[in-house]
Structures are given as structure tokens and as C-alpha cells.
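Visitor: Chain by chain, the residues:
There are 2 protein chains.
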Amino acid sequence: MEDWAPYVETLGKSARRAAGELVALDDAVRSRVLRIMAAGLRAGREDLLAANAKDVAAAKSTHLDAALVERLKLTEKRVAAMADGVEKIAAQVDPVGQVIEGYNRPNGLRIQKVRVPIGVVLFFYESRPNVTSDAAALCLKSGNAIILRGGKEALHSNRAIVSIISDALKQSQIDPAAVQLVESTDRALVPHLLRLDKYIDLVIPRGGESLIRAVVRDSTIPVLKHFTGNCHIYIDEATTHMQEEVRKVCVNAKTSYPGGAVCNAVEHLLFHKDAATDLLAKVCGDLAAKGVEVRGDERTRALYPPAKPTTDADWDTEYLSFVVGVKVVDSLDEAVAHINEHGSHHTDAILTENIRAADGFVKRVDSASVMVNASTRLADGGEYGLGAEIGISTDKLHARGPMGAADLTTYKWVVTGNGHMR
Amino acid sequence: MEDWAPYVETLGKSARRAAGELVALDDAVRSRVLRIMAAGLRAGREDLLAANAKDVAAAKSTHLDAALVERLKLTEKRVAAMADGVEKIAAQVDPVGQVIEGYNRPNGLRIQKVRVPIGVVLFFYESRPNVTSDAAALCLKSGNAIILRGGKEALHSNRAIVSIISDALKQSQIDPAAVQLVESTDRALVPHLLRLDKYIDLVIPRGGESLIRAVVRDSTIPVLKHFTGNCHIYIDEATTHMQEEVRKVCVNAKTSYPGGAVCNAVEHLLFHKDAATDLLAKVCGDLAAKGVEVRGDERTRALYPPAKPTTDADWDTEYLSFVVGVKVVDSLDEAVAHINEHGSHHTDAILTENIRAADGFVKRVDSASVMVNASTRLADGGEYGLGAEIGISTDKLHARGPMGAADLTTYKWVVTGNGHMR
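Chains as they are written, first to last, in this note's numbering: chain A, 1 to 422; chain B, 423 to 844.
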């Protein structure tokens, strides 16, 4: 077994040193690096696609789930979208140095809360190469160094992307340790990383429950958890005049991302019993027509016999594929209680014409995003106007829901006096 | 050895249930509880002082440090100040429901970030009874339930205070589990508490390094660390025309709290070599005249021979008493590097007439509060206009520096569409 301690120590130490350099850079410099990086992605797309092809071939040979292979795969179009994404982040307003609040106290003491970079971010994420460029760009934009630990299936792709970023940093005379990829996918290395609280300020784990639980258990660094989403749509009784809308939104929420392998896809539909009679079979039929496997409780199967029976485990399951669980409930209360108990506090929506039902749902569902008459797929940094996101936090502290560049900052109290005492 | 698991499970579960009730209350109700609580503190002061006298007697019999006994002690005046503090918190603007940001997207999707309570807070703190009432009041104001684990020396005082709070809650028909005191000071109970991530949303440990490290190690709940402060004042070379101010601010920062036993007291003074020649002996003399033990490096002792010699350990020490460590540095750079290496990222100040020195210090010192020409003692929720504080976070995430009621909230994205899809 390899001794990872020295490698990991070097990673952390060099990231900390780079962060000390980034904090002193103006936005003009930080944004220029991103534009060079975007140009690099475009110019290097052949190499990038070749590296990605290796990953995809290996993934297929190990019979990785089709939806996950789809997520891993790069195309000319996807590389162009990555480059565009980086340029959009470059063009955003600089969050660093923003005065969040500023006021004078009665004694004349001047108080300002000023945004500053967090420092060094350690990021665990799934095998989606576009996340590598987004995350690096968001961290550089906000003046942070980042250590990337992507899914093992994407290692060749990630190496190619980080090599392009390193070139952009070097070209700008910035320490390339600002963006580092953990070079090995050996799991034994992870606990060492998670004890580097001396060098790393924040860990963001994105992905499966078991990974995130392990990170929380082992980390002495603060963690912002990004669980994938067990998202719900509750179809309220007051939907008589919006049946078309309900059908379209449910289909969109389940199927608009290829394979349904995305955290904001809906996993479970809860129908109010009075909405179910008319609508449940139609919605389930629409979904089945799109290739979705419908599972349902007894009352669902009475209304839509093709549904497979659910087990208790279904309600806690994030399928991340073309499967949906359907349940009939007696009331809004039952829907809210079900969501708060079984959901992952990510994104949950109500479809209703009734303002009291909407308000009650919004107030009582304890999730990062609560939606009224909209598809859960809209829970996204881009859709919320953040430009891009490093992920969707299911934690309650610091940042909740889609996290953009500003969420990768903290603040400092700057207090200016004139010999003030207490 | 007692099995604490069942007791702790009950604590957590009942706090979670109470939090579910608090989230639905309007501010009128939450603030009324606080006013009843303030009245209860005033009316119950005899019992409270009697309970406190037991704690103080026990502390003296175990030869607790005089500064810590001072901190533990209640007087009529201090009880009145506690009640006033609670009323001030009641009168604050309600943070819950505030729309932090709200805007429409180009497609008409309505986005709002709305403040909501965090849920259940677990709070570890030192033996200062006034912290019990402040923390409970801040949590109730912001719609959170709190589990209090105070220092063992204050157990009788804390029981008396929490009994007054319970009465106020019951009188308002609110579940008294909204504010609970951990009834035992057995340390074996703590790891059980720290694994209750099912019920508790946030742990705030205030106090000594070893307590906080243990909490971070054992907790599966997010932690906001409140280290006590190793605060510095750097006396820049550009202080020729502000010598009186320098002398007063340094004395204030060290001695204005009885016994110096407070996190925002200054622990170390760094003199620029050119400021030292004239000022160091005067400042040290002023401090010694107030009963402060002055320790210094060699260059300090050359200028002020009564200083005791420092060892390397001094620079990392938070004395929390009438002791100060003094060092002569060659430059602002050296001062900044020293503070970032040895400080606790709590509060650090520069005294200077030079705007570039002030700006450089503010930008490069990585602390929650950075001050220019002001006493470190001003780092305080009250002084910053937060009304009161649950403590001073030395962490970088969520809240940094003094934390008031608004810092005990998170937010929810409320997204309203009209059949919006992606």
C-alpha cells in the first residue's frame, strides 16, 4: 500500500500558497485567465475528445450504466459549451471586495462586511468532465484555489482539462497549483486529504450518499454536502384547469435530461386523491410513452394498472434513471410530511391553482428550493441567474441550493476607528 | 458508566419537534416570549443569585482562576443587564421571512431567497451565565430550538435561567423543548450528542482549543467553531502623531474587561522597530501600572527591561488573563505574516496614520475582524450593531466574526412559475 501522506501534504501546501497569491489579484487578471482557458479548451478539443474517448471506452468495457456513460461523454458541442460556460463566468461581476453591508455606528465607528475568497476548496464530484472546467472557473473567479477529485471514470478527460487550465495559469504568471487534480483515484488517499484542515478551508462532496457520509465522518475540514436529489412533485387537488400544464411539467421534470441522470430530475410524484382520479393515469401514460418505468403504490396501480408495485425502499430512492415512483395522498399535509421525511431537501415542487396550498407548501417543505408551478429541472445555477454553479448544496449552512461564485466567498469585518475604545 | 444514548435521543427528538413548531410562529409570538422571559429574570433574580452563589462557592473551593470566577459571578446589576439584553433582542427586526434577494428571470420565472430558521442548534460554551440567556433569546428570536451545554461550573445558574425560560415558553403555549439544558456535565454524553445529525442542524462550540478539536473530530453535524481569540495589535511606524491614542487603545484592549478573560482582549503587541524606540516602554509601563504582566522578546526587553522573557509558546498562547506578549518587528510584512501564522483569525488591529499600511493590513490579515485605529475589544455583536451575539465565529463558512440573530438563519429558494419547464 502506498503512503499517500507526503503527496497529499504537498498538494495542500501548494494550494494554500497559490491561494495566498490569488487573494491579491485583481479581477481583470482572474478573468483573463478564464478567457485564456476557454480559448485553450476550444483549441485543444481534439486532444480532449481523444482523452475522453479512452474514458468512454473503458466505461463501456466495464458495463457502466448507460446514463452514466452519457454523462461522461464529451462531444464537439459539449466542449464548446464548456468553453462558453467559462467565458460567461469570466464576464460575471467580481464577487470579491463587494461590500455586503456598510454603516457607521452612533460612536462614529465605521463597519463594513467585505467579501473575500474562502481560500482553498477541495471538491469531490462525479464523472462529468464539464464539472471540472465549471468548478475550476468558479473558484478562480472568486479568488480561490481548488483541489479537484473527480470520478475515476473521467480521469483521462480531467487530466486533459486540467492541463489546459495549467497552461492558462502559467501563461498568466499564476502558480498552477491554483487548480490541481488529485492524480490518483486510490481511495486510501482520501482520508489523508480530509485531515488537511491546516491548508484546506472547505470540502464540497457531490454525489452518492455513501461517499458523502464517508467524507463527513473523516473530515476535520468544514463540509458542504451536495447530495443528489430525491425530488418530488406534489399535484394538488386544485389542478382541474391546468391538466395540460401538469402533464407537461411532470414529463419535463423526469425526462428532459438524457437518461434522467441528474440531481434535479423528479423521482417521485405525489397525487392528491382528488387530482389522481382524472390525472394520474394520463401523467403515467405520458411518462411510459417516453420510456419511463412507472412504479406505484396500491392506489396508483388501481388507477394505472401497468405500474409496477413499489416497496418501502422506493420512497427513499433517487433512481437517477428513467424510473418514477408514484403515490396517492389524502392531503397537502400528508404530501409535506412525506417530502420532509423521505426527500433529500434538494428541490420539491407543488402544482396548484390554490394560493393557500402554494403558500403552505412553500413554508413547510424544508428544502433548498421549493417551487410553485415549475419543473424541478429549473433548480440550477444557470436558471437562477448565477451564471454557473459548482453544485447544489443540500446543507443548510453557508450556501443552500445552487452555489455560484459569490457562494465561494466569505466575508471579513473591516472596522475603522479614530482611536475608538470600549 | 451511564448509558447516555436514550437521554440524548430524547433531547434531540424533542428539540426537532419544537423547531417544527417555532418555524410556524409569527414574530409577535416569538418576541412576546422574550419579553416574558426578561420579566421572569427580573422577578426571579433572588433565586438566580442564590443558585449562582452555589456555583461561585464551589468554584472558589476548587481554586478556579480568579478571572474565571469573575466571569461566572452574577450580581443584581448583571441580572438586570441580562434582562435588558433579552428585551433588546425581542425589539430587533425579525430576520425570518426577509427576502434577501428577489428578481425575475428573462423567462418570467420568479426567484426569491427567503430567510428561514436553521432548525436545531447545539451550543457548547464556557461558564458565563449571561451567555445562557443571550443564546436562548437569539435562537428563539430567529425561530430556532437550542440545546445548551454550558460549562460545568455554571450548572446551578444555568438550571435557574433555563427554568425561567421554560416558564415563559409554557406561558406562551410553546413547547419548552425549544430551549433545553443538557442536565449532566458528564463528558461521556458529548459524543452521543454530536452524532444526532438526524435532529440537530448546527453545533457551535465556544471555548478552549481542546474542546473544539474534540467536537470537530466527533461531530457528524456541521460545526461553527468559536475559538477564543489570540488577538494582536500592530503598532505601525507611522504613529508619531498619535502616541497618546496608541497608549490608550493598547491599555483599553488589554484591561477593559475584568481580568482580561475575554476573547477580544489583545494578547500580543507587535511594534514596528521605528515605533518601538519611542513608544514601547511607555505602553508597557502603562500596562504594568494596570497590573498587567508584560512579556517580551529580546528587542522588547532591551527597550523595557522589566519584561519577562517570552518563549516560542507565548506567540500561540491566548492568555485570557492580565498577561501580554510584546515583540518588535522590522516591517508590516513581518507583522502580517506573524499574525496569520500565530493568530486565531479572530480580531487583529493596526494603529497607523498611513493609509497604505492600513489598506495592506486589512487586505492581507486573514481574520474575521480587521481593525484600523480601534481597540480589539470592539469586536462584539453589540458594538457592531447586531443587538447581541451568540458568539464570535473564527470559522470562514456561513458566519464569520460576531454572530447575531440573522446569522442563525439560512435561506430557501422560493421559485414561482406558470408551468415553466426546461
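What the hints contain is simulated information worked out from the structure, not anything from laboratory work.
We treat Cβ as the ideally placed atom computed from N, Cα and C, and that holds for glycine.
Treat the hints loosely; a few may be bogus.
To be verified - Taking beta-carbon pairs under 8 Å as the criterion, some of the chain B residues facing chain A (in silico):
| id | residue |
| --- | --- |
| 1 | Val-584 |
| 2 | Ser-588 |
| 3 | Leu-591 |
| 4 | Arg-844 |
Stated by the list, open to error - Here's a subset of chain A near chain B, in silico, CB distances under 7 Å, partners left out:
| id | residue |
| --- | --- |
| 5 | Lys-198 |
| 6 | Thr-220 |
| 7 | Gly-401 |
| 8 | Gly-417 |
Visitor: Next, verify each hint and record whether it holds.
Guide: Here is what the structure says about each hint:
no., hint, verdict
1, Val-584, "25 Å, violated"
2, Ser-588, "26 Å, violated"
3, Leu-591, "22 Å, violated"
4, Arg-844, "4 Å, holds"
5, Lys-198, "11 Å, violated"
6, Thr-220, "5 Å, holds"
7, Gly-401, "5 Å, holds"
8, Gly-417, "3 Å, holds"
Consistency note: the structure conflicts with the earlier hints numbered 1, 2, 3, 5.
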